[in-house]
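Two chains, two frames, a set of hints: combine them into the complex.
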Amino acid sequence: MNDSQGILWEVFIQSKPGQPHKHAGSVHAHDNEMALQNARDLYCRRSEGTNLWVVPASEIVASSPEDIGSFFEPSNDKVYRHPTFYNVPEGITHM
Amino acid sequence: MNSLKLDENQLIENFEAKLAKNEMIEPKDWMPAQYRKHLIRQISQHAHSEIIGMQPEGNWITRAPSMRRKMVLLAKVQDEAGHGLYLYSAAESMGISREEMLEQLHTGEAKYSSIFNYPTLTWADMGAIGWLVDGAAIMNQVMLQRTSYGPYARAMVRICKEESFHQRQGYEIMNVLASGSPEQKEMAQDALNRWWWPSLMMFGPRDEESPNSAQAIKWKIKRETNDQLRQRFVNQTVSQVEKIGLVVPDKAIKWNEAKKGYDFGEINWDEFWTVVKGNGPCNKLRIANKIKSHDEGAWVREAANAHAEKNNKTKAA
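Read top to bottom, the protein sequences are chains A and B.
Mapping of the first sequence onto our numbering: residues 4 to 98, in sequence order.
Mapping of the second sequence onto our numbering: residues 99 to 415, in sequence order.
Derived from the structure by calculation, the hints contain no laboratory data.
Careful: at least some of the hints might be erroneous.
To be verified - In silico lysine-lysine, DSS-like type, Cα no more than 30 Å apart, as pairs:
hint: 1; chain 1: A; residue 1: Lys-25; chain 2: B; residue 2: Lys-135
hint: 2; chain 1: A; residue 1: Lys-81; chain 2: B; residue 2: Lys-126
hint: 3; chain 1: A; residue 1: Lys-25; chain 2: B; residue 2: Lys-116
hint: 4; chain 1: B; residue 1: Lys-135; chain 2: B; residue 2: Lys-390
hint: 5; chain 1: B; residue 1: Lys-259; chain 2: B; residue 2: Lys-341
hint: 6; chain 1: B; residue 1: Lys-318; chain 2: B; residue 2: Lys-259
hint: 7; chain 1: B; residue 1: Lys-259; chain 2: A; residue 2: Lys-25
hint: 8; chain 1: B; residue 1: Lys-259; chain 2: A; residue 2: Lys-19
hint: 9; chain 1: B; residue 1: Lys-209; chain 2: B; residue 2: Lys-318
hint: 10; chain 1: A; residue 1: Lys-25; chain 2: B; residue 2: Lys-126
hint: 11; chain 1: B; residue 1: Lys-119; chain 2: A; residue 2: Lys-81
hint: 12; chain 1: A; residue 1: Lys-81; chain 2: B; residue 2: Lys-116
As the list claims (entries may be wrong) - Partner residues are not named here, just some residues of chain A that face chain B (Cβ under 10 Å, in silico):
hint: 13; residue: Ser-7
hint: 14; residue: Leu-11
hint: 15; residue: Ala-32
hint: 16; residue: His-33
hint: 17; residue: Asn-41
hint: 18; residue: Leu-45
hint: 19; residue: Arg-48
hint: 20; residue: Ser-66
Glycine included, every Cβ here is placed at the ideal spot set by N, Cα and C.
Pulled out of the complex, with its shape left as it was, chain B reads as follows (with noise of 0.2 Å):
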């Protein structure tokens, strides 16, 4: 029974099993190093697109047409932040320090989800980053709550169970829009346009393009490929769009019956690659703006620190 004589390949048997019983990794059993590798970056670049994601939405705080669509709005925000902070503890309890991690996002080290490098221009925005952006989230991270390493799935679990507000928020957004007057509709139908490409490239590359995925569904960090959970999202939401009275911005959006799901048609892949790459319209100004914040900050952090100390001391003495 003593794992010190446990050589590599024992070690690498006892986990495949484990997954093979479905059962989770916790912080600390024994996992490969790859395994711990893929997570941290995984979890790590969760965390910063819930904080980046503050941005977007946060444009428009002070703006909201009313008093109730901004407490809603700030609440989900504060939410956005809320998970943030749950998958930075969840990426920890793998040995990466809080400290490292924002190193890497101010740096560029680390990336977060692309979908967040594009403008919010009007009101609309906030009803359509609602419903299909949170909406595309939700359908991977419901995926999440199963996967494979114990303190990510659980910090999933919660978050969903937040999330679920998010999404109706947007869709009752644009719900109200849609039926206003025709100048709000064509907002509505604008906001649809601009993000419904980009909510459907959240899903990442197309499967046989994305060369971690085997690997990740084989440790069961994923369940389901990009393109499965790609196309249930886009079989979800086409009615969504038409029972508002909205026109999905895809010509080729046909039901098969076959295989019965939608048809739709090709991403703009050059694109994908291009915000992903540093290029896309707000990649520079969302990293900006978080440096800034943070610099801006640390003077609340010296001071937290300073107060502890001197409580420290009084208690000593």
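Pulled out of the complex, with its shape left as it was, chain A reads as follows (with noise of 0.2 Å):
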């Protein structure tokens, strides 16, 4: 006898047309189909959502939170990246 749960899928939901989706919680299903009915039945019991994103939890590949630092520090030192870092003379708008 089988008496597995299935696997842990994780669940995104998009709460309006044209907003990014967001991650909601997870479930537990057997297939892709499965899934979707399960995170809509357990996370847009509201109306919470117009678009559903479920993913196998074992597919997401995440960095690691010890890494932080030497993972992230590339972007520190370019502080030439953002537009403060430049010099436009007084008076100047629209910019």
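And the structure:
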């Protein structure tokens, strides 16, 4: 007898057309279709969304929190990527 | 920057620094084994409470006095199922499996809130539960929205949003009964009498009897103590009782101007421990029902699994 609860899926909800999908939580399901239906039943009981993504949790690749420094550091010393790095003569607007 | 070279002391220091800044701990962050253990226990027992909590109310769905009440009660019980599932997922992010948690519930190794071991004898109990039991739960859950573990906190935010109708529908039921016939009013008062004290017990033992509390507050899992939350619940609820013409079943209830709160009588702690230890009125029934429904649902899980396997094979071919 297989008493498995299915695999874990991460659920992402788009609240309105045009908005990005946002992580809502997880569900258990055995296949794609069931994952979508379970996610709808669990996370959208009060019209929370217009679109749903479900992704097997094991398929998500995440950066590791311990490497937060070295991983994101390369952007820290490139202040010239920000507009405030540049001097503009006094009185110039709309730039 | 090599995490492998950080020793345990540095890891603990980093962890505590994060807590000090009120930053949340996320699933892949390093955390002390005791913190993980504490939260797995707390979150899974919270999940179990939501699931077992469906039973006392489910008991009245078929006997709801009107279609409106029936729809509301169904929606509420469905919400409780949802809350259980949010919480199981949050606990899973700490590395325990759904199967393990269910096993712990079914064998009695894991506990759930004792309040659900009391029977629901009349329709007024649906009012008292929504109003008092959900009210007490909300008091605790509002605090837990700021708990230090990210997935738990986010589940709490979602749950609190959904809870708000639960308490109102309960109070509405009580209000309607309390302003009805003398028999209806008596039914409401009787439900209040039976649920008042168990609701106060929901906040757990007194602070000095609650050894885990200090650690939980240090780790910012809890932000307030059992006694603080219980006092706030009493302060908020007394006027709600009076407003609908009912009486708090505690002769010691008295406004204390100095502490800007109500003094109240002593909880029957013998009863509290009796129910916690498994000897309340419904402990055995609740678990027997849970196991029965799990076993009877086995064919659904088997079928879903077989269907998924068949589809995978078709795709591969």
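A quick look at each hint next to the structure:
no. : hint                  : verdict
1   : A:Lys-25 / B:Lys-135  : holds (29 Å)
2   : A:Lys-81 / B:Lys-126  : holds (28 Å)
3   : A:Lys-25 / B:Lys-116  : holds (25 Å)
4   : B:Lys-135 / B:Lys-390 : holds (29 Å)
5   : B:Lys-259 / B:Lys-341 : holds (25 Å)
6   : B:Lys-318 / B:Lys-259 : holds (22 Å)
7   : B:Lys-259 / A:Lys-25  : holds (17 Å)
8   : B:Lys-259 / A:Lys-19  : holds (19 Å)
9   : B:Lys-209 / B:Lys-318 : holds (22 Å)
10  : A:Lys-25 / B:Lys-126  : holds (19 Å)
11  : B:Lys-119 / A:Lys-81  : holds (27 Å)
12  : A:Lys-81 / B:Lys-116  : holds (27 Å)
13  : Ser-7                 : holds (6 Å)
14  : Leu-11                : holds (7 Å)
15  : Ala-32                : holds (8 Å)
16  : His-33                : holds (4 Å)
17  : Asn-41                : holds (9 Å)
18  : Leu-45                : holds (5 Å)
19  : Arg-48                : holds (7 Å)
20  : Ser-66                : holds (9 Å)
Comparing the model with each numbered hint stated earlier shows that all of them hold.
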